[in-house]
Amino acid sequence: MKYLCQALLIFALLTAYNAIAQPAAKPPMGWNSYNCFGSAVYESEVKENADYISKNLKNFGWEYVVVDFLWAFDNPPGSLIGNPFQKRMQDGSYIPWMTMDKWGRLIPHTHKFPSAFGGKGFKPLSDYVHGLGLKFGIHVMRGIPRQAVWAKSPVMGAPGITADMIADTNSICPWLNHMYGLDMSKPGAQEYLNSILALYKEWDVDFIKVDDIARPYRTAEVEGYQKAIKTSGREMVLSLSPGETALNASAHAQKFSNMWRMADDFWDNWDMLLKMFDYAQSWKGTGGPGHWPDCDMIQIGKLSKRGPVGPERYSRFTEDELFTHMNFWCIYRSPLMLGGNLPENRELELKLFSNEEVLAVNQQGANPRQIFKDSSTMIWMSDAGKEKDFYVSVFNIGNTAEIISLEFRSLGINGKVTVRDLWQKKDIGSFSKKYSTRLNAHGSVMLRVTQR
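Numbering (this note's numbering), first residue to last: 1 to 452.
To be clear, the hints were calculated from the coordinates, so they are not data collected in a lab. The structure presented is a predicted model; accordingly, all values stated were derived computationally and were not measured.
Pairwise CB distance ranges, derived in the manner of DEER restraints:
#	residue 1	residue 2	range
1	LYS351	LYS102	46 to 54 Å
2	LYS55	PHE431	35 to 43 Å
3	LEU350	PHE431	27 to 35 Å
Taking lysine to any residue and the SDA-like style, the derived pairs with C-alpha atoms no more than 25 Å apart in a straight line are:
#	residue 1	residue 2
4	LYS373	SER436
5	LYS386	GLU407
6	LYS26	ASP264
7	LYS388	ILE428
8	LYS26	MET276
9	LYS123	GLY233
The beta carbon of each residue, even a glycine, is placed where N, CA and C say it ideally should be.
With the hints as extra help, turn the sequences into a complete structure.
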């Protein structure tokens, strides 16, 4: 009996250790540069946002700082309008020529990231972020640069293989004309991915967002990136973008990635938020430790300072819609990636990002599920960790203010319950049978409902 108990204890400890060590054991929380800076974020701006997280948000669980796309391109004047990757030089190479090493691997442009000078890559910026107690991430486009194919760059780790021998020139991104896909059946294709992930390991990267890989879903390349991460020996979160990811790829995405986009780019538009509720319902039940369906970045704060969509602005969502946006991402347990320029946050934005009780719904809830929806009302719930203890978010999705009731029997509980408002951080009373509240159009509440 003694040895059985010891074996069970060891098993429990190993299970707990693996849960902690697993990439994205909980939905990742952090910041991404895209929604406020598009393709043109600079090192100083990344540091300013990292500083803000360290000072104001790290204690609430926010930890990733992610540099989004085109960090190998210098964004000369005028390049933000239209697609700068459509032109060819007479010799067949592509304009613009991005910074790239002799192995066909893109490296940060020193105009944007001065600390990369001298072949240092993202290591100095990564060190800065890690020095704040945070984690560092980057965006990459699927495949291999067309300029590497044109130059016949050698592939590291694959003697005699050059970039033109592994590229699938029929596999292109419809909206960014500088990469070819990889033919993963060709010798050297996996070695190329291994080489770029080895480079990212040198930079101490913690998070990889791979673009143009989930729509259409690129099964072989997804597996290739995950294999390359494991080969690198460094733990990295693998995020697949953009959606709409095909539902029939669900099992594969759960096995080979840590998060995947359910929808195309989400912006500060109520109709897009309504549509996100439908996407989420379609993907219900697929999230769990290590694999999360992704509602996309949080459209709160100062957006589009340098593109990519619309004029520079604070989020166009009303205050009620801002809370609904945050409530749904939390109750659904989507990854939480902030998209606004954080140093320009006002008191409202800081309030939305620093409520530990609401964030606990995202990080600690279990089995999120929709229990009611009609033309004006939507209710989602998740388990709060104890029997007859639930997180519940009630949404008014109609266009007029409504008194909306939560029937406790829909939660499977009877008798007296305590209702706590998580935004107010206070118990609002003891109720039986139901709780009713008046919600503005597009408004919502986040509750904890506990049977006593």
